[in-house]
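Participant: Residue numbers (the numbering used here), protein chains in the order written: chain F, 1 to 265; chain Y, 1 to 265; chain V, 1 to 265.
Source of the hints: derived by calculation from the structure; they are not laboratory data. Do not rely on the hints blindly, as some may be mistaken.
[Unchecked claim] Stretch by stretch, here's where chain Y covers chain V in the computed footprint (C-beta under 8 Å, at least three residues): (1) 27-37; (2) 114-127; (3) 146-156; (4) 180-186.
All C-beta atoms, glycine included, are put in the ideal place defined by N, C-alpha and C.
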Amino acid sequence: VRPIVALLTDFGLRDHYVAAMKGVILRICPDVSLVDVTHDIPPQDIQAAALELAACHAAFPPGTVFLAVVDPGVGSRRRPIAAAAGDYRFVAPDNGLLGPILEAAFPVSVVELTRAEYAAASVSRTFEGRDRFAPAAAWLASGVALEALGEPVGTWTRLERRQPVVHGRRAEGEVVRVDRFGNLVTNIAEADVRRAASGVAAIPSVSVADGPPLPFVSTYSDVPGGQACGLVGSTGHVEVSVNGGSAAERFGVTRGARVTVQFSS
Amino acid sequence: VRPIVALLTDFGLRDHYVAAMKGVILRICPDVSLVDVTHDIPPQDIQAAALELAACHAAFPPGTVFLAVVDPGVGSRRRPIAAAAGDYRFVAPDNGLLGPILEAAFPVSVVELTRAEYAAASVSRTFEGRDRFAPAAAWLASGVALEALGEPVGTWTRLERRQPVVHGRRAEGEVVRVDRFGNLVTNIAEADVRRAASGVAAIPSVSVADGPPLPFVSTYSDVPGGQACGLVGSTGHVEVSVNGGSAAERFGVTRGARVTVQFSS
Amino acid sequence: VRPIVALLTDFGLRDHYVAAMKGVILRICPDVSLVDVTHDIPPQDIQAAALELAACHAAFPPGTVFLAVVDPGVGSRRRPIAAAAGDYRFVAPDNGLLGPILEAAFPVSVVELTRAEYAAASVSRTFEGRDRFAPAAAWLASGVALEALGEPVGTWTRLERRQPVVHGRRAEGEVVRVDRFGNLVTNIAEADVRRAASGVAAIPSVSVADGPPLPFVSTYSDVPGGQACGLVGSTGHVEVSVNGGSAAERFGVTRGARVTVQFSS
């Protein structure tokens with residue numbers, strides 16, 4: 001089976017930066033299958049990168065190596081790391097990008113990329129993606145053991161994230177991601193909704209900021225076209241959507257907006 | 001030879017959605033070669049999706065599986081289908097997206113994706129692309145027969161499209177696609193132009209809405225830089241272009257604008 | 001080892017054009033590994049295309065075939081060419097796109113794509129990328145010799161480029177590329193800076209247009225967040241950057257803006 005390296009960056013696809021990383025990977029691991037997760041993370045937005053990676057990595061085959069470079073501290077002292085978590089391996093700067101995945105997995109191994117033989121002969125201080133992270137990912141994909149890449153480290157940078165709060169029959173959280181369709185994806189997990197339901201038959205509704213209650217449904221087309229609703233989306237989190245439209249436009253909100261799921265009898 | 005799955009969606013590449021589908025496909029069919037047709041179809045624009053797919057699928061090797069997901073009715077009762085048409089296979093919602101291809105090919109086999117064993121164990125009602133369509137495409141690419149995926153269906157959703165009209169020495173149609181360069185691609189096929197010519201030597205001209213006649217040429221640079229012209233483009237349809245510029249900007253029109261090819265002696 | 005074809009165009013990814021080229025390549029060379037360099041070159045911007053290609057091609061494995069199509073003269077008399085330069089092969093219109101690479105390599109072989117058997121049976125005069133360039137690249141990747149594709153040509157179109165000037169302890173050049181992060185990449189190479197330094201210990205500074213001197217550092221985070229600096233970027237050229245921000249926005253400049261590196265004792 002061909003090894004897979006999946007890439008996530010904030011480099012965009014307009015410049016040659018992603019291509020340079022792919023060239024480097026193909027030199028080291030010619031048989032690799034390269035997959036783009038996304039390169040359109042807003043520049044230096046570690047939160048967004050961490051969420052996208054966490055949302056899709058488990059869809060990939062076991063053994064996939066994820067190369068994730070959103071790196072405001074490139075060239076500085078933040079550590080370059082590689083990690084094994086669950087069935088997957090990851091290469092990234094230690095700036096929180098891998099936080100959600102490393103917190104959720106057990107056991108986890110993390111090393112700092114200290115071995116020069118697994119990086120380019122000369123490492124640009126402004127493009128470690130090409131010279132340090134891409135080679136490390138390619139060597140992992142080629143069969144080099146994680147431990148060979150550097151010294152084990154015991155801690156890593158966590159990602160600061162606000163958690164949703166469940167009190168009584170309400171779950172209150174916030175928008176953490178706005179997707180291309182204008183869906184407002186929140187940090188409220190399906191389990192939070194169940195806790196708020198407290199095992200009592202009741203009808204939930206969802207609201208954005210102090211807006212009116214919206215029906216809580218199963219899929220967009222459960223409400224008429226143009227109408228807003230709440231539902232549990234494909235990553236298992238509550239989202240607010242407009243059937244055939246954009247909830248982001250409808251409500252004029254973005255990341256950070258408060259969303260509440262409320263049960264009433 | 002490695003099987004090919006070519007993907008077309010309106011998901012964009014900013015979110016993780018396309019990557020999730022690719023991960024799923026690679027799990028089922030590790031040797032697959034994945035090719036993006038485009039993911040920048042305007043949200044829920046079935047017409048645009050159908051046109052892009054029809055325009056390029058025949059360039060691919062026989063046996064290619066096309067996974068096309070533009071799906072305003074996700075989670076609703078519209079049928080998920082797979083089809084064999086000519087040398088190719090297709091997986092898509094039955095909403096007209098495959099209409100032009102299924103109308104043009106013969107014979108055609110279509111099945112509804114009813115077999116649960118070829119979908120994810122649990123199917124999200126907001127992301128059937130990941131949980132139902134991607135697995136079906138991957139199983140087809142892996143060698144599973146179309147008939148194994150579900151029950152045959154005898155009809156499918158056609159795509160409503162206005163046809164060009166030829167009367168006398170005129171062919172009248174409309175803009176159906178505006179490309180990145182601002183070329184106005186119409187629904188007037190080369191055959192329509194030939195019918196309007198009626199076998200008589202004559203000089204054609206093309207006009208947009210009620211604009212002045214433009215020279216009908218063979219390629220952009222047959223007119224001076226900055227000048228507008230008509231020609232038969234790479235998909236065999238009349239288009240209006242500006243050499244080194246954008247016809248969409250020049251004429252201030254978009255999809256639906258009337259275009260006429262006129263022969264005069 | 002699987003052959004690699006790397007693609008660079010100004011086609012964008014919204015239309016089906018890039019996919020059509022990939023389909024054609026896969027028909028001819030089923031085992032190919034396809035890599036996108038970028039398809040977001042501004043329409044018909046040969047300078048930008050030439051720079052991106054020159055900046056990343058050497059990261060790829062030897063033997064890689066680059067298919068580069070930015071072609072304002074499509075269908076006209078400009079020659080379609082293929083070239084071998086260093087460890088790489090290239091297929092492109094002869095319009096300057098390959099200029100910087102062909103000037104820098106030695107020896108170089110260039111042929112005009114004259115052999116009809118290595119093009120599509122019928123060549124669209126508006127899409128030679130699909131019908132002429134893509135097949136040629138695929139045949140090269142399949143093992144066909146460069147010489148088989150057509151007649152050798154002795155000269156090719158060079159790219160007009162202004163060179164930086166070093167006088168005294170100053171190197172003066174211009175912005176040639178603005179990347180996604182707003183970094184202003186110049187045509188001043190590291191060697192130009194060393195010449196200006198003239199072997200004397202001195203502190204360089206960099207300035208944009210007639211702006212104030214900015215510190216010359218090693219990486220973005222050597223200056224505080226939000227502060228501008230100059231440095232030698234990942235392609236070995238001087239760039240002006242803002243740590244955590246966009247230098248293009250800060251200075252309100254774009255391609256062509258004057259940048260000066262100055263040594264003072």
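Participant: It remains to establish, for every hint, whether it holds in the given structure.
Facilitator: Quick rundown of the hints versus the structure:
no.	hint	result
1	27-37	holds (count 4)
2	114-127	holds (count 4)
3	146-156	violated (count 0)
4	180-186	violated (count 0)
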